[in-house]
Amino acid sequence: MMNKKTLLALVAVAGLTGAASAAQAQSFGSIGQNALSAATSSAKSGMAGMMGNMLPSLSSASTSNLTGILGYCVQNNALSGANAGTATSVLNNLTQQQGVTSSSGYTAGQQGLLQTGNNQMFSLANLKGELKTKLCNMVMSKAQSLL
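What the sequence shown shows, in mature numbering (1 follows the signal peptide of the UniProt record, and there is no 0), is residues -25 to -1, 1 to 122, in sequence order.
Calculated from the structure, these hints are not laboratory results. Some hints here could point you the wrong way.
What the hints assert, rightly or not - Pairwise CB distance ranges, derived in the manner of DEER restraints:
no. : residue 1 : residue 2 : range
1   : N93       : A57       : 28 to 36 Å
2   : E105      : T76       : 28 to 36 Å
3   : Q50       : M96       : 27 to 35 Å
4   : Q95       : G60       : 30 to 38 Å
5   : G56       : L122      : 28 to 36 Å
6   : G104      : S77       : 29 to 37 Å
7   : Q86       : K117      : 14 to 22 Å
8   : Q50       : S78       : 24 to 32 Å
9   : G56       : N93       : 12 to 20 Å
10  : N94       : S64       : 30 to 38 Å
11  : N101      : S79       : 30 to 38 Å
12  : S78       : E105      : 23 to 31 Å
13  : L121      : S79       : 29 to 37 Å
Just so we're clear, the structure is a prediction, and the values are computed from it rather than from any experiment. Each residue gets a CB set at the ideal place from its N, CA and C atoms; glycine is no exception.
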């Protein structure tokens, strides 16, 4: 018979590798279920943290490029919460600024290409789900600060 610590360690390792199932955890009773739940939650938050670190910085992006990216985010419904509701207003205000929409940075942004400096581009098309939403929400915050 395994002790509780060993069982928790096994379920945590199995949960992180995706090998544990609810049925396997259930066979260990409530201890296994609780450990699997904790391991799954920990793995998800760890992955979100790691993926969040993979997002590019917005510091080198121009106002025009950020405006174009914001337009891309609005068009692709990639904003969450209050940002989704106010994005169109922010976008309209930014596009009325002189020279914004005539810039190549704006055009690139509308195509989902973020200018990250040193002639480098980051494509939002490669991002899925929460990562795209997180980056779009970052762009929205930065865009609001430009008004």
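Hints, one by one, checked against the model:
At about 34 Å, the CB distance of N93 to A57 agrees with the hint of 28 to 36 Å. The given range of 28 to 36 Å is respected by E105 and T76, whose C-beta atoms sit roughly 30 Å from each other. Separated by about 18 Å at the C-beta atoms, Q50 and M96 break the suggested range of 27 to 35 Å. Judged by the Cβ atoms, the range 30 to 38 Å given for Q95 and G60 holds: they are separated by roughly 32 Å.
With their beta carbons about 19 Å apart, G56 and L122 fall outside the hinted range of 28 to 36 Å. For G104 paired with S77, a C-beta distance near 33 Å keeps the hint of 29 to 37 Å intact. Between Q86 and K117 the C-beta distance comes to about 19 Å, which sits within the given range of 14 to 22 Å. In this structure the supplied range 24 to 32 Å is violated for Q50 paired with S78, their Cβ-Cβ distance being about 18 Å.
Between G56 and N93 the beta carbon distance is about 33 Å. The supplied range of 12 to 20 Å is therefore violated. At roughly 32 Å, the beta-carbon separation of N94 and S64 lies within the given 30 to 38 Å, and the hint holds. For N101 and S79, the hinted distance range of 30 to 38 Å is not satisfied, since their beta carbons lie about 21 Å from each other. For the pair S78 and E105, the supplied restraint of 23 to 31 Å holds, since their beta-carbon distance comes to about 30 Å.
At roughly 18 Å, the beta-carbon separation of L121 and S79 lies outside the given 29 to 37 Å, and the hint is violated.
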